[in-house]
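Enquirer: Sequence:
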Amino acid sequence: MTIDTTDDATRVHAYADDVLGTLDATGVAEAIAAGEFASREAADAATARIRTVDPEVAAVRWWARPEAAPPAPSSAALYGVPSAIKENVPYAGLATTVGSTAFGTTPAKRSSPVAEQLQATGLTILASTKMPEFGLTASAEFASGRAPVRNPWNIGYSAGGSSSGAAALVASGALPIAHGNDGGGSIRIPAALNGLVGLKVTRGRMVGMPEMRVLPVNVVCEGVLTRTVRDTARYVAAAERHHRNPALPPVGHVRGAGRRRRIGLVTESVTDYGIADECIAPVRALADELAGQGHEIVELSMRDLRLGDLQLDDGFVDDFLHYLDSGFVEDFLHYWGFLAAAELAASAVAAGGRMSVGDLDPVTRSLLRSGRESIPSMPGAIRRLRRVAAGYERGFVEQGVDAILSPTMTRTAPKIGVLDPALPFDEFMSRTIAMVGITPLNNVSGGPAISVPCGFDGAGLPLGAQFAGPAGMEATLLELAYEVEELRPFARIDG
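Heads up, the sequence shown is in full-length UniProt numbering, so the first residue is 1 and it goes up one at a time.
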């Protein structure tokens, strides 16, 4: 492990002179296929890297026994590439602890379909990664005194969430790729804060958890965090070979930049908090560079994304814009409380009914209380949230754009403690909403979105730019991400 200290900033990374070197996941897979080293050597090197960096970033929840997993075919696209799985996905031999200490630590007897999809791509699972309790917040910090997941670019700051440990391990160089899932930005937020690529796919694109499919609005999608666009593209192509949704156009294996596009530039949040100038400036600069490459950039506001009249409730007709301005955040928060209750119930069943509510973090208990109190308004909220998808899709048609470019985050990376779950609930939620005023829209609408690195803030921490598109258009987003990577090669933490 290398620790670089300048002033009050401490950066840690795990890059070493071993078989992994500075290879990305594609490079590791190609080297194994070429016989340059064996999959076991890759796993051993990654394990050593994780063990050296984890005392600083606190990313690992449980260690796996990769030799006990069913072997993937050597022809798999990512055969032998070391990886990790988020602790909210059942994986045989590991406890599914969902970021909490309220449940037992009995290992799962069998792997979930999500884990099976990861294994089908050839990935070797070495560990499960930490997350905030139930994945409900944007920073893996715990009232119980457990170590928070720290950002390897500066360990005084949060790695984001909820795919916190995954981002910390990939950004630090311990792993080339790691599993995450995204229910309100939980792949894209940590990708932005850690200088990574994070794709939230179209709803239904990937195999999902069975309990998510029965939700009235399924906001959760599975995916990975990577350091390069080609790794994300390779994973999507491999996962699509395992599970192909016939209702969506295939993504295929996207290998580079594509044709010139008409791109809408949006620098507004869906909340009242706005977006920090420090997050906007590099995205505007990126838009200028893309225009210089022949793309048409059209500056849009949320007002431009209005899609005509949408009936939002019985007895009155309002437009999509007004809903985003005045109702979306409130409805999403009500639904988030409902999700907290659903996650608690599912986890309790998985734990055989063994749980201790008193061990839940204060913010989780408050979200559960909020969910109970909002039950009378839930049917209307769900009805309105379901209609967001139609409004979102029509926006691309009405404005004639192929994608929307925006900052991923509305604030820069928070220091550890800013999102402490022991804070008063109203203060905690205000701070959270101020940070994540963009990403939840794509979870509700179901449309895909990808976060790519886009410069650094004044503290030297990464910033992200997000491309969002209509349902099924992941290929377009990957092409644009490739072009950004060509224009601005992504910085590695050891650089």
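Think of the hints as simulated: they come from the structure by calculation, not from any bench.
Be aware that a few hints might be false.
In silico lysine to any residue, SDA-like type, Cα no more than 20 Å apart, as pairs [as the list claims (entries may be wrong)]: (1) K415 to K109; (2) K109 to M209; (3) K415 to R11; (4) K415 to G93; (5) K415 to F456; (6) K109 to P70; (7) K415 to G400; (8) K415 to A389; (9) K415 to E393; (10) K415 to M209; (11) K109 to G208; (12) K415 to R387; (13) K109 to V349; (14) K415 to R146; (15) K109 to E67; (16) K109 to A350; (17) K415 to V349; (18) K415 to A459; (19) K109 to A348; (20) K415 to H242; (21) K415 to E67; (22) K415 to E398; (23) K415 to G455; (24) K109 to R11; (25) K109 to A346.
Enquirer: Hints first: check each against the structure and report whether it holds.
Expert: For each hint, the structure was consulted:
Our distance criterion of 20 Å between C-alpha atoms is broken by K415 and K109, whose separation comes to about 38 Å. A threshold of 20 Å between alpha carbons decides the hint, and for K109 with M209 the separation of about 16 Å falls inside it, so the pair holds. With a C-alpha separation of about 14 Å, the suggested pair K415 and R11 falls inside the 20 Å cut-off, and the hint holds. With a CA separation close to 34 Å, the supplied pair K415 and G93 exceeds the 20 Å bound.
At most 20 Å may separate the alpha-carbon atoms for a hinted pair to count; K415 and F456 meet this at roughly 15 Å. A threshold of 20 Å between alpha carbons decides the hint, and for K109 with P70 the separation of about 14 Å falls inside it, so the pair holds. About 40 Å separates the Cα atoms of K415 and G400, which puts this hinted pair outside 20 Å; it is violated. Of the pairs offered as hints, the one joining K415 and A389 is violated, with about 34 Å between alpha carbons and a cut-off of 20 Å exceeded.
For the given pair, K415 sits about 36 Å from E393 by alpha-carbon distance, which is inconsistent with the 20 Å threshold. Simply put, K415 and M209 have alpha-carbon atoms about 32 Å apart, too far for the 20 Å limit, and the pair is violated. About 19 Å separates the Cα atoms of K109 and G208, which keeps this hinted pair within 20 Å; it holds. Annotation: proposed proximity of K415 to R387 is violated, straight-line Cα distance about 36 Å (limit 20 Å).
For the suggested pair K109 and V349, the alpha carbons sit about 14 Å apart, so the restraint of at most 20 Å is met. With a CA separation close to 17 Å, the supplied pair K415 and R146 stays within the 20 Å bound. As the CA atoms of K109 and E67 are separated by approximately 16 Å, the hinted pair is consistent with the 20 Å bound. For the proposed pair K109 and A350, the alpha carbon gap of about 11 Å is at most 20 Å, so the pair holds.
Distance hint between K415 and V349 is unfulfilled; the C-alpha atoms sit about 35 Å from each other, more than 20 Å. Restraint check for K415 and A459: satisfied, since their Cα atoms lie roughly 11 Å apart, inside the 20 Å limit. For the proposed pair K109 and A348, the alpha carbon gap of about 16 Å is at most 20 Å, so the pair holds. For a cut-off of 20 Å, the pair hint linking K415 to H242 is broken: about 39 Å separates their Cα positions.
With a CA separation close to 38 Å, the supplied pair K415 and E67 exceeds the 20 Å bound. With a CA separation close to 40 Å, the supplied pair K415 and E398 exceeds the 20 Å bound. In summary, the hint linking K415 to G455 is supported, as the alpha carbons are separated by about 18 Å, within the 20 Å threshold. Taking the CA atoms of K109 and R11, the gap is about 38 Å. The hint is violated against a cut of 20 Å.
Restraint check: the Cα-Cα separation between K109 and A346 comes to about 16 Å, which is no more than 20 Å; the hinted pair holds.
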